[in-house]
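Protein chains: 6
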Amino acid sequence: MPVVTIAQSPGRSLEQKRELVKKITDAFVTSYGVKPESVTIFLQDYDDSNWGKAGLLHVDAQAGKDG
Amino acid sequence: MPVVTIAQSPGRSLEQKRELVKKITDAFVTSYGVKPESVTIFLQDYDDSNWGKAGLLHVDAQAGKDG
Amino acid sequence: MPVVTIAQSPGRSLEQKRELVKKITDAFVTSYGVKPESVTIFLQDYDDSNWGKAGLLHVDAQAGKDG
Amino acid sequence: MPVVTIAQSPGRSLEQKRELVKKITDAFVTSYGVKPESVTIFLQDYDDSNWGKAGLLHVDAQAGKDG
Amino acid sequence: MPVVTIAQSPGRSLEQKRELVKKITDAFVTSYGVKPESVTIFLQDYDDSNWGKAGLLHVDAQAGKDG
Amino acid sequence: MPVVTIAQSPGRSLEQKRELVKKITDAFVTSYGVKPESVTIFLQDYDDSNWGKAGLLHVDAQAGKDG
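Chains as they are written, first to last, in UniProt numbering: chain G, 1 to 67; chain E, 1 to 67; chain V, 1 to 67; chain Z, 1 to 67; chain W, 1 to 67; chain L, 1 to 67.
In isolation and in its complexed conformation, chain G is listed as follows (with noise of 0.2 Å):
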């Protein structure tokens, strides 16, 4: 503990997650006063055709953005 889930869009660079996780796990250390080692992270893509809002599927919702 803490266990932390996270579900974000694909493509994100290996450098970006590696700034990500390390500064949510100093986050924790900072914030809750745990150690680094407690602090579990788990990166979850979701492709546009899997995720929605407002009713819509992503995939749709870029496209009526860009159409």
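One or more of the hints may lead you astray.
As the list makes no split between identical chains, a pair holds if one copy fits it or if it spans any two.
Unchecked claim - Below are the DSS-like pairs computed for lysine-lysine, each with C-alpha atoms no more than 27 Å apart in a straight line: (1) LYS35 <-> LYS53; (2) LYS35 <-> LYS23; (3) LYS22 <-> LYS35.
If you're looking for bench data, these hints aren't it; they were derived computationally from the structure.
Since chain G is already given, all that's left is putting chains E, V, Z, W and L on it; use the hints.
Relative to chain G, chains E, V, Z, W and L alone:
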């Protein structure tokens, strides 16, 4: 909020997912009185070898039925 | 399958939840062609001090609006 | 998106949670270049009798340490 | 890793949860060859009015059976 | 119910997953007295660049050990 996460079998068509996301969002709007923009939906696809029921991976349960 | 998990604000009435569960199940039956019995739905309630957006706990965002 | 779900021990103060949510949101803004408004965070509290590690409920692991 | 999250009905005794956590951890050690310390397990309790199946909240399904 | 979600490293063989799903289901039957048919299990595979611990992506932690 609300945020909806759905565990499902893979292979649903874009049209099926489009319709599902629309209908679930409508359900929140009608039943909870929230705005469509507040509803986010994630679809997780699980291969037949990555989920099970009754002690059997689905890939084996399928084989049993077909066999 | 499918299994649906919903993160929501607390305080929804039994009638609201009853209607939502019915409508979401119907959405799967209509859009995916699955049987109603195959649809399981979980509702998770998050207090205003246990979720946040835009860097603010909801309890603080509310206070800001009201203040 | 992104949506963050955190499994943690209960008993964190409002101030601790406020600081954590702020810092995690900042992490996404800095590392991923997203807007703060796009980041939603959920905190799940697990009592000592509702989580375990190494085969022991935490309530028992604590007792073992103290005993 | 692995991290296990369990959605269950409330009301399980401490003894039942203790036994379950032990057995599930053993399952990972035996089947995956991981160390017990690497296995973390979370138990989520869902009230009868916060989960449903086949379009019915469990509280209503129960009432239907009893009625 | 119960529904079990497992976050794990990829690369487990079908035989390992088959055995795990069987043993975890047995754990519920023995400890909770539920029927095997009521237990559903989902396996989520996380690549080494999609999970981290102690502030490091696993891909980097591995490199550090090997280097």
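Now the hints, each set against the structure:
1. In this assembly of identical chains, the alpha carbons of LYS35 and LYS53 lie at most 27 Å apart only when taken from different copies (11 Å versus 36 Å within one copy).
2. Taking the closest pair of Cα atoms, LYS35 and LYS23 come within 27 Å of each other both inside a single copy (14 Å) and across two copies (17 Å).
3. For the homomeric pair LYS22 and LYS35, the shortest alpha-carbon distances inside one copy (13 Å) and between copies (19 Å) are both at most 27 Å.
When each numbered hint is compared with the structure, no violation occurs for any of them.
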